[in-house]
Each structure stands twice: as structure tokens, then as C-alpha cells.
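2 protein chains.
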Amino acid sequence: MADFTQEEKEFFMAEALKEAQISLQKEEIPIGCVIVKDGQIIGRGHNAREELNQAIMHAEIMAINEANIAEGNWRLLDATLFVTIEPCVMCSGAIGLARLPRVIYGAQNPKFGAAGSLYDILTDQRLNHRVAVERGILEKECAQIMQDFFRHRRSK
Amino acid sequence: MADFTQEEKEFFMAEALKEAQISLQKEEIPIGCVIVKDGQIIGRGHNAREELNQAIMHAEIMAINEANIAEGNWRLLDATLFVTIEPCVMCSGAIGLARLPRVIYGAQNPKFGAAGSLYDILTDQRLNHRVAVERGILEKECAQIMQDFFRHRRSK
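The listed protein sequences derive, respectively, from chains V and F.
Counting in full-length UniProt numbering, the first sequence runs from 1 upward without gaps.
Counting in full-length UniProt numbering, the second sequence runs from 1 upward without gaps.
No distinction is drawn between identical chains; accordingly, a pair holds when it is met within one copy or between any pair of copies.
Each computed SDA-like pair below joins lysine to any residue, with the alpha-carbon atoms no more than 20 angstroms apart:
| no. | residue 1 | residue 2 |
| --- | --- | --- |
| 1 | K9 | K37 |
| 2 | K37 | N53 |
| 3 | K111 | R135 |
| 4 | K26 | N73 |
| 5 | K111 | T123 |
| 6 | K111 | Q125 |
| 7 | K26 | W74 |
| 8 | K111 | R99 |
| 9 | K111 | H129 |
| 10 | K111 | N128 |
| 11 | K140 | Q108 |
| 12 | K18 | E141 |
| 13 | K9 | G136 |
| 14 | K111 | R126 |
| 15 | K26 | G72 |
These aren't lab readings, by the way, just hints derived from the structure by calculation.
Input sequences plus hints: build the corresponding full structure.
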């Protein structure tokens, strides 16, 4: 499994935050994701549910699809997924199905998170694939962009 | 929420089984799905992970995407999803995110099912959308095509 210095983790999480900014500009819930293999980004994604009218189009799903196409393989065995907010049930399931060995996320999602909050899908011993999970990288920035979005939406 | 006679349920599950047959012919795990609204099929899907090299391309995901496009809406509020096998974690999450009110499936999946077996995602009171779940429609046929596939694969 790939190892990253703290600086590298923050670099890739900042790239995920750039993706979240794309969602924000389109008035989507601002969550972003990048998938990294051998030090290179092989998939990028941002939440685009409203823009594309697709229920499944979360940041992680877009990034997994892009990485699958880049690799020509549905298995992302040596890659690491960076996402600004704890993955939901669907995305946690997708991460396991893509055989990703590692997930690093910024801030928790107490209402919908499935990587430690509501569920612990990624480390469930009953499933056929386990994922190493780390949280807290650029946590403040990842949480802040979400808070700003919801505050702005409530004020409208 | 739409109501169906037993005959209608079996008709639409037979349509989902036709989708499973498409997967089978391509040597994919044979699972099929249709989404029905006002008596019409608005989305069809079959497992195409190997063919498309996309980890997320389960039958339900393909059908939800197709229905979202047909409706021009990520919410499938008045539709019913028929699927041959109990949905996995990812697909159960996607069903909730698409706001589908009802799921009817054929056979259980004790190893990976998240609509009653490993998890009960669709009826979780903590999530912001609950789904009515019914199982057992054409159960024998839905289970049989899976058994045939795995028996054939083991014998190769």
C-alpha cells in the first residue's frame, strides 16, 4: 500500500478541495475527490448530482469511473482515494467494489457517513474487501466549505 | 406508491431476468433490473462490470442512470425498482439517493445483500429516505440463473 508524507497527503487533499470548489461554483453540495496511484492523480471527481440529474453522481463515483477508464481496469488495487468528506453508504460500497485499499478523508459526516459514523462499511470483516481509513487531513478546510454552502443556501 | 398485482410483479421481474440473461451471455454475474413508473419501464440495467471495466456498473446503477436520463430528474419518486437479486451496499445506497420508494427483488444474497441480509440500508430510520422492500418474486428463477453461472465458472 502506498505511503504518503503528511505534506503529500495535504497536497492531494488540496486537489480534492479544488474539485469541491467546482461543485460549489455550480451550487452543488461541495465535495471533491481524487484517486492517486504511483504519485499521479488517475481520477478526479466532484459532486454533480443537480448538474447531470444523476442520483449517483457523487465525487467518489465520478473519480472511480475516471480512474477505471484511465487504468482500463475495474480494480484499483494500488491506488488511494482522497475525499473531502466521509463517504456515504453508496460511495463506501463503491470503494470496496473497486478494491481500493486505502481511503483518506477530510471531515466526518455524522448524518450520512458510512466510514465510521452511521456505518463502518470499509472495515466490515464480513465483506470480501477491507479498506484502510484515515481521517482528519485538512479537516477544517473540508468542513468549512460545506458549512459555507449550507449557510448560504439557508439565507436564500 | 404504485400497487401491482402478483401477475404484474412477475411480468416486470421476468423483464429484469431478460436483463440478467444479457449479463450471462457476456459471462458477467447474471443480475438484471428494471425501473417501472406508471406501468412503463423507464430504466433497464444489467451487470456489466467486466465488459465496461467499471467497478460501479451493477444492474441497479445502470437502470437508475437510464431512468434519471429518461425523467430528466435525479429523483425517481413514483417509481418501483425490480431486481433479480438483493441489492449490495452500493446499490442500496444508490436506491435511497435516487429517492425510490419501493424495491421488489427476487432472491436473497446472504453474502453481500444490504436489503435484509448483511445490512438493512433501505429501512434504516437514521437515513433521510426509507424504501419499502418486498422479496421472493420469481425467486427460484432469479436464484437459478446465478447458480448456473457459478457452477459453470467453477467447472472451467
